[in-house]
Amino acid sequence: MAILKILKYGDEKLRQKCKDVSKISKKIRTLAENMVDTMYANNGVGLAAPQVGENLRIFVIDVSMEDEPLNPIVFINPKIIKKSGAIKSNEGCLSFPKAYVDVRRYKNIMVKALDLKGRTFVIEAKDGELLSRAIQHEYDHLEGILFIDHSRNIFDTIEVLKQNNLPSIEQDKIVDEPELEEEILKQESNTRE
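Quick note: the sequence shown, position 12, residue 7 per the working numbering, numbers continuous.
These are calculated hints, taken from the structure and not from any lab test. Hints may be right or wrong, so weigh each one.
Simulated crosslink set (PhoX-like; lysine-lysine; CA at most 20 Å straight-line) [unchecked claim]:
#1 112 x 22
#2 18 x 112
#3 0 x 93
#4 78 x 112
#5 121 x 107
#6 93 x 107
#7 121 x 77
#8 157 x 93
#9 74 x 18
#10 74 x 112
#11 121 x 78
If you anchor each label on the Cβ, the simulated ranges turn out as follows [as the list claims (entries may be wrong)]:
#12 187 x 79: 34 to 40 Å
#13 64 x 85: 37 to 43 Å
#14 87 x 0: 26 to 32 Å
#15 79 x 169: 29 to 35 Å
#16 36 x 187: 26 to 32 Å
#17 -4 x 149: 24 to 30 Å
#18 114 x 8: 25 to 31 Å
#19 169 x -4: 22 to 28 Å
#20 -3 x 74: 27 to 33 Å
#21 151 x 2: 19 to 25 Å
#22 167 x 8: 33 to 39 Å
What you are looking at is a predicted structure, and each value in this text was computed from that prediction instead of being measured. We put the CB at the ideal spot given by N, CA and C, even for glycine.
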């Protein structure tokens, strides 16, 4: 297995919408295995094909905890088929070394994808758990969307990027999510009461 080079924020390939995988060939299986190895080698929870320079709709995730056996999941041509609720999530990304910011995410999602044998599977991730947030994060990569595009505070994000010598936020890429922000603010005010 090979450890692949992870592209850093600023590389144009991270902003391209990825193409569907037309055939699960030996090359695709090897890419997925190398992505899993690369994710583990970099202590990641997920990794998407565009992060290693491949314009393909593939990502890998493993949300197992330290005391649990490894459980990598390969998603090929995934589609988020259901989403609801809202949560605040503090996220980082292997393409943004040491940069973490608060973002908006859906609390519950359902995703449909193919595995390495070409079989369809569906995963439901609820309650804003790590699996739910990781799937949304990696899925976004396939759309050319980065986690900072969901930033709750653009000024904080600009500062974090600057501190880590990364390019500034791209204002035109910010995802407008008033309904998610409204729900998060409601939750925060209920917590304070």
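* Asked: If you draw a straight line from the CA of residue 74 to the CA of residue 112, is it 20 Å or shorter?
  -> OK: residue 74 and residue 112 at ~17 Å, within 20 Å.
* residue 121 paired with residue 78 [C-alpha distance capped at 20 Å] -> Distance ~10 Å between residue 121 and residue 78 Cα, so the pair holds.
* Satisfaction of the hinted span 19 to 25 Å by the C-beta atoms belonging to residue 151 and residue 2 -> The hint (19 to 25 Å, Cβ to Cβ) holds, given that residue 151 and residue 2 are roughly 24 Å apart.
* With a cut-off of 20 Å on the C-alpha distance, tell me whether residue 0 and residue 93 pass. => Satisfied, since the Cα-Cα distance of roughly 17 Å is no more than 20 Å.
* Within 25 to 31 Å or not, the Cβ separation of residue 114 and residue 8? -> holds (29 Å)
* Between residue 18 and residue 112, is the straight-line Cα distance small enough, at 20 Å or below? -> Answer holds: residue 18 to residue 112 is near 10 Å, not above 20 Å.
* Asked: Under the criterion that the straight-line Cα-Cα distance not exceed 20 Å, is the pair residue 93, residue 107 satisfied?
  -> violated (31 Å)
* Holds or violated: residue 78 with residue 112, Cα cutoff 20 Å? -> Violated, because 26 Å separates the two Cα atoms, which is more than 20 Å.
* Asked: Lying within 24 to 30 Å: is that true of the beta-carbon distance residue -4 to residue 149?
  -> violated (39 Å)
* Evaluate the given range 22 to 28 Å for the C-beta pair formed by residue 169 and residue -4. => Given range 22 to 28 Å: violated, Cβ gap about 37 Å.
* Keeping to a limit of 20 Å between CA atoms, is the pair of residue 121 and residue 77 held or broken? -> holds (11 Å)
* Asked: Does the Cβ pair residue 187, residue 79 satisfy 34 to 40 Å?
  -> violated (24 Å)
Hints 4, 6, 12, 13, 14, 15, 16, 17, 19 and 22 from the list above are not met by this structure, while the remaining hints are.
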